[in-house]
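Engineer: As a plain string of letters, each chain reads:
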Amino acid sequence: MNEKTNKKGFGAWFRDNWKNNALFSTGIALIVMVILQTLALGFNYASFGEWFGAWINNWMNILRNNSSVGIIALGMTFVIISGGIDLAVGSTLVAVGAITMTLIDAANGGWLGAIGLTGAPAYIVAILISIAAGIIFGGLNGLMVTAGKIPPFIATLGAMKILRSVTQQFMQSSSPKVPTGFQQIARVKVGGQMFMPILYWLLIALVLYIVSKKTVFGRHVFAVGSNEKTSRLSGINVNRVKLGVYALMGAVVAIAAVLQVSRIGAMDPANAGSGYELDSIAAVIVGGTSMSGGKGSVVGTVFGMLIIAVMNNLLNLLGVPPFLREAFKGAIIIAAVLLQRKSSDN
Amino acid sequence: MTLEMKGIYKSFGANDVLRDVSFTLNGGEICALLGENGAGKSTLMNILGGVHHADQGQILLDGKRVAFQTPADSLKHGIAFIHQELNLVNDLAIYENMFIGHELRKKNRFLDSAAMIAKTNEVFKKMDLDLDPRIMVRDLDASYKQIVEIARALLMEASIIIMDEPTTSLTEPEIRRVFDMMNTLRKSGVGIVFISHKLREVMEICTRYTVLRDGNMVSSGLVSETSVDMLARDMVGHDVRTQSLRREKKIGDVILSGKGMTLEPHFRNVSFEVHAGEVLGFTGLLGDGRSELFQTVFGAIHGASGTVEVEGKPVRIRTTGQALKAGVGYVPRNRKENGIIKDMSILENGTVVTWPRDSKMGFLHSKKIEKDFDDLEKELHIKLGSAKDLIGSLSGGNQQKVVLAKWLDANPKVLVFDNPTQGVDVGAKEEIYDIILKLAEAGVAVIVLSSEAQEIIRVCDRTVVMFHGSVQGELVGDEMNEQAIMRLATGGQV
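Chains as they are written, first to last, in this note's numbering: chain A, 1 to 346; chain H, 347 to 840.
Mixed in with the good hints, there may be bad ones.
The list that follows gives simulated cross-link-like pairs (lysine-lysine, DSSO-like), each with its CA atoms no further than 27 Å apart [claimed, not checked]:
id: 1; chain 1: H; residue 1: Lys682; chain 2: A; residue 2: Lys19
id: 2; chain 1: H; residue 1: Lys729; chain 2: A; residue 2: Lys229
id: 3; chain 1: H; residue 1: Lys671; chain 2: A; residue 2: Lys214
id: 4; chain 1: A; residue 1: Lys149; chain 2: H; residue 2: Lys682
id: 5; chain 1: H; residue 1: Lys714; chain 2: A; residue 2: Lys213
id: 6; chain 1: A; residue 1: Lys229; chain 2: H; residue 2: Lys706
id: 7; chain 1: A; residue 1: Lys213; chain 2: H; residue 2: Lys729
id: 8; chain 1: H; residue 1: Lys734; chain 2: H; residue 2: Lys688
id: 9; chain 1: H; residue 1: Lys724; chain 2: A; residue 2: Lys214
id: 10; chain 1: H; residue 1: Lys759; chain 2: A; residue 2: Lys229
id: 11; chain 1: A; residue 1: Lys149; chain 2: H; residue 2: Lys688
id: 12; chain 1: A; residue 1: Lys214; chain 2: H; residue 2: Lys713
id: 13; chain 1: A; residue 1: Lys214; chain 2: H; residue 2: Lys682
id: 14; chain 1: A; residue 1: Lys19; chain 2: A; residue 2: Lys213
Everything labelled a hint here was simulated from the structure, so no lab data went into it.
For reference, chain A alone in the conformation it holds in the complex (with noise of 0.2 Å):
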């Protein structure tokens, strides 16, 4: 017996982390998607250097335009670790980007510059604001679910319905222009690229991941989504755990609004972010983390995204009809659960 568990060949090596890692499994399930797109992409070129910026190109398309929704995953890859869900997310988003817009309106010099502050100093002073606004909305959706023992899925459904409405009242009379200097934030280019907005997302992205591994922070939040109740009795204050996570979440969202506020140049408060909510959680049930909590990675969400985003780019290369294009994301979506269950059965 000690022989055939010894010499494993590449078959039950393959099969043991299919079954048992699920970023083994999710990783695969990429490059599968990536080697698919990179064929539909197809070869057509004039010569291999052609084909490579055009194939470089597509996948900067790809990045950038999931960045925004990519950035609110990984805070909510720690909400639902946790045992909580956030609905909130793309509400929190609009609400923190009309009060970025209105600090450094360019076309009344906005709040910011009634009280003097123009350019550089304004821009940060704009986003450091708008990020502990972010905090804030995170806050209390926390201070709903712990003090206030609401689950969570109501807590932020009511959130997510206060903080549009209410967005939407506040900015029917005004239409702020962002400055151009601020949108140099998210555009300015790097080798021809538009790269900034992935340079964000990887950044906050390796930021988490160390917090999600190496912090007292991080492993309580694993801990409370895994067994609240042992870890209560292990001394975790599971009420601040559970505050913390829906703050960072409001961190992270409004990071994502500034960056959206720049790279677009404007937001409409009815719709800009309405969907992200359900977007970002599933790149993260397709990343491998679980809906009951305690189980789950940041690069699982980050692999997550990008299958999903890979796919709608493989449909589009494909010619697959917009309006189809929901109903494979929903598939995959299933497809990914079925996996993981499969997996964790045996």
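Since the structure of chain A is already known, use the hints to place chain H on it.
Structural biologist: Chain H in isolation, oriented as in the chain A frame:
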């Protein structure tokens, strides 16, 4: 109706649970079925209730031999079993619960609520009970829930009712109410089997008794001809008092004390002190409130009155984190729910308590954490493959040691062990006792909560015995023996 169970044998695998047990019950009497946990009471009654089948022996009802294949069979013959965990749906009204599974319908197949309410009222009238059948079960207190179960048994025309520890979760006035109901039924000719640990209650309500021990019938007779002492001795057996494990004691100052601690309905006016180097036991029967008491001390349950002092200084512990800082640790009961984090590794489970200490600016000091756990793994003889494996890969005993490890690493001044040997094998049990005693020798104040008298006698210097949330008495050193503990735990005096 007269019930006779004759020469019942039952084994599960190689384990003989019942050997040649006989039991009789006449209509119009309440018979106590007594015994320690694992004595075979439940198995015997499950055979009567159609849940298990006897390997040998016969059941006679009014002299006629019967065989029950299922609980429904047994109910058809007029035998109703009211389990300890009541079988009621909180979100339905009383009358709906009464008819669950046998609902009355009108001709058009819709439910006939009026008929069900009328029938329920009829049964209540027979029981001399003034209760509106339309009240939601949720709004009833525990005694009325018990009574609704009895009513349901009567609705099914039961003439024999088995009640498994019906008073465990009841308060004193609630117990009165259930007892009054039982007496009413007895007078109307129903036979009741009363399974209980509480000898004082047995003396009060029962007419006859049968005692089981290790699957054998030890004694049986009229309650009027016995005493609490005699019953306690029959339940425990004669060869009690196993050797104490304590050798030398160096008892120091008072480390933890509680004064006048009350949290209804769990415990009231409890005071205690425990010294450095001492092992203090807290024992009693299910529902005595000891676990809630120490979860309160540990900051996991809130709302109690009374004061707690650590090393003579009053402390207000509102969260478990504050308890940890004050030097109070708590190893919980029910390892699976309260002790382990199933999605985490052995290493993480064994160090989770001390992460805040072993970190800098919020970053975990993983080298120190791994080394600390490595030391504890050796000290506690935890058998594991890799510390990075999931906690579920370990046996129950080793899991329990990991749960101990996380608290030992925190170096508490007081450590409370709640049912520390639950679900571990004999070998691991002895090792856990060694750990407890070693801690005491190192000057830690140790509190052991256990319902196993043997365990208390063997590891503790002193024990508090609780009964229904109050301190019933305290036994020191050689005063601790199973009869004395059983007497106090069942509400008697030493």
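Engineer: Each hint should be assessed against the structure and marked as holding or not.
Structural biologist: Against the structure, the hints:
1. Annotation: proposed proximity of lysine 682 of chain H to lysine 19 of chain A holds, straight-line Cα distance about 24 Å (limit 27 Å).
2. As the CA atoms of lysine 729 of chain H and lysine 229 of chain A are separated by approximately 26 Å, the hinted pair is consistent with the 27 Å bound.
3. Between lysine 671 of chain H and lysine 214 of chain A, the direct Cα distance comes to roughly 23 Å. Compliance with the 27 Å bound is thereby established for this hinted pair.
4. At most 27 Å may separate the alpha-carbon atoms for a hinted pair to count; lysine 149 of chain A and lysine 682 of chain H meet this at roughly 24 Å.
5. This hinted pair checks out: lysine 714 of chain H and lysine 213 of chain A have alpha carbons roughly 16 Å apart, not beyond 27 Å.
6. Taking the CA atoms of lysine 229 of chain A and lysine 706 of chain H, the gap is about 26 Å. The hint holds against a cut of 27 Å.
7. Under the criterion of a C-alpha separation no larger than 27 Å, the hint pairing lysine 213 of chain A with lysine 729 of chain H is consistent with the structure, at around 26 Å.
8. Taking the CA atoms of lysine 734 of chain H and lysine 688 of chain H, the gap is near 13 Å; set against the 27 Å cutoff, the hint holds.
9. Annotation: proposed proximity of lysine 724 of chain H to lysine 214 of chain A holds, straight-line Cα distance about 25 Å (limit 27 Å).
10. Distance hint between lysine 759 of chain H and lysine 229 of chain A is fulfilled; the C-alpha atoms sit about 23 Å from each other, no more than 27 Å.
11. Proximity of lysine 149 of chain A to lysine 688 of chain H is assessed by CA-CA distance (about 24 Å); at most 27 Å being required, the pair is judged to hold.
12. Taken as a hint, the lysine 214 of chain A and lysine 713 of chain H pair is honoured in the structure, with Cα atoms around 12 Å apart against an allowance of 27 Å.
13. The straight-line distance between the Cα atoms of lysine 214 of chain A and lysine 682 of chain H is roughly 26 Å, inside the 27 Å bound, and the hint therefore holds.
14. Simply put, lysine 19 of chain A and lysine 213 of chain A have alpha-carbon atoms about 22 Å apart, close enough for the 27 Å limit, and the pair holds.
Violation of the numbered hints given earlier is absent; every hint is satisfied by the structure.
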